[in-house]
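Could you build the full structure based on these sequences and the hints that come with them?
2 protein chains.
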Amino acid sequence: MGETDVLGSHTVTEPEIVAFATKYDPQPFHTDPEAARGTIFGGLIASGWHTCAIMMRLSVESARRKQAVLTGSPGVASCRWLKPVRPGDTLTVRAEVLETWASRSKPIGFVRSRVEAFNQRGEIVLSLVGLSMYGRRQEGSA
Amino acid sequence: MGETDVLGSHTVTEPEIVAFATKYDPQPFHTDPEAARGTIFGGLIASGWHTCAIMMRLSVESARRKQAVLTGSPGVASCRWLKPVRPGDTLTVRAEVLETWASRSKPIGFVRSRVEAFNQRGEIVLSLVGLSMYGRRQEGSA
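From first to last, the protein sequence lines are chains A and B.
Numbering-wise (numbering that gives the first Met the number 0), the first sequence opens with residue 0 and increments by one.
Numbering-wise (numbering that gives the first Met the number 0), the second sequence opens with residue 0 and increments by one.
Hints are not guaranteed to be accurate.
[Said to hold, decoys possible] Straight-line alpha carbon distances no greater than 25 Å define the calculated SDA-like cross-link-like pairs of lysine to any residue that follow: (1) Lys22/B x Glu15/A; (2) Lys22/B x Gly41/A; (3) Lys82/B x Ser102/A; (4) Lys82/B x Arg111/B.
[Stated by the list, open to error] Selected chain B positions facing chain A (in silico; Cβ < 8 Å): (5) Tyr23; (6) Pro25; (7) Cys51; (8) Val59; (9) Gly74.
Just so you know, these hints were derived from the structure itself, not from any lab.
Owing to the predicted nature of the structure, the values given are computational and were not obtained by experimental measurement.
Backbone N, C-alpha and C define an ideal beta-carbon position, used for all residues, glycine too.
Here's what the structure looks like:
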């Protein structure tokens, strides 16, 4: 427990922010750099769901490198968008294992983690507690 | 309080599930219909983040119809993916207002809502409690 792991980094671009938001979160401060200047954010910011999606991508890539078999998630708790994410920001995602347990009936394990994304200034922009399921290697299997 | 509102519906397609997941959640049960058949889900399912993104799209469109001015969100609590979302599922999103309050210092209001997406069989597939900020019309303004 308490083990913290850096999952990876991603630099967010303006076209990427606009593309995601145009499809899934079409609010002016996510889709229109010009209109965004007149909002409380003072410029274009990424949809919070986009930040979550970037975090997920980095998590999946990290699991793949470790040959861990993710098998879904029942959900997340307390997902907080703490700072705006702006074009050019480089996000780094780290995860801390809070708790693990094995299913009694299925060959899966549960891992509860605190996942945080921080920007190039070290500011945490996203913080969530997620629950992931992993496939377990059965004893005696290849 | 306790007011429940249907925000809209969306039918999820296989290409849409694969496109989202290829970019943001590249796990076989989200990206590869063939490989998905061999997983515990027995077929392709949407990324939970994709379901959230669809929910957000319907929320933004609903707010626009009501001429409500969304101004961002500090986060969500207890986001649960309760049932798999499969190609062809029609999701309907409803929201129940749990709590509202006004900022003391800024012309914004806060609304805490329980948001649920259910499928064409009436099964809840996504349930979350979100906090949204809305612009308030100032007294005396146009």
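Consistency of the hints with the structure:
{"no.": "1", "hint": "Lys22/B x Glu15/A", "in the structure": "11 Å, holds"}
{"no.": "2", "hint": "Lys22/B x Gly41/A", "in the structure": "28 Å, violated"}
{"no.": "3", "hint": "Lys82/B x Ser102/A", "in the structure": "18 Å, holds"}
{"no.": "4", "hint": "Lys82/B x Arg111/B", "in the structure": "24 Å, holds"}
{"no.": "5", "hint": "Tyr23", "in the structure": "4 Å, holds"}
{"no.": "6", "hint": "Pro25", "in the structure": "6 Å, holds"}
{"no.": "7", "hint": "Cys51", "in the structure": "6 Å, holds"}
{"no.": "8", "hint": "Val59", "in the structure": "6 Å, holds"}
{"no.": "9", "hint": "Gly74", "in the structure": "4 Å, holds"}
The earlier numbered hint that this structure contradicts is number 2, and it is the only one.
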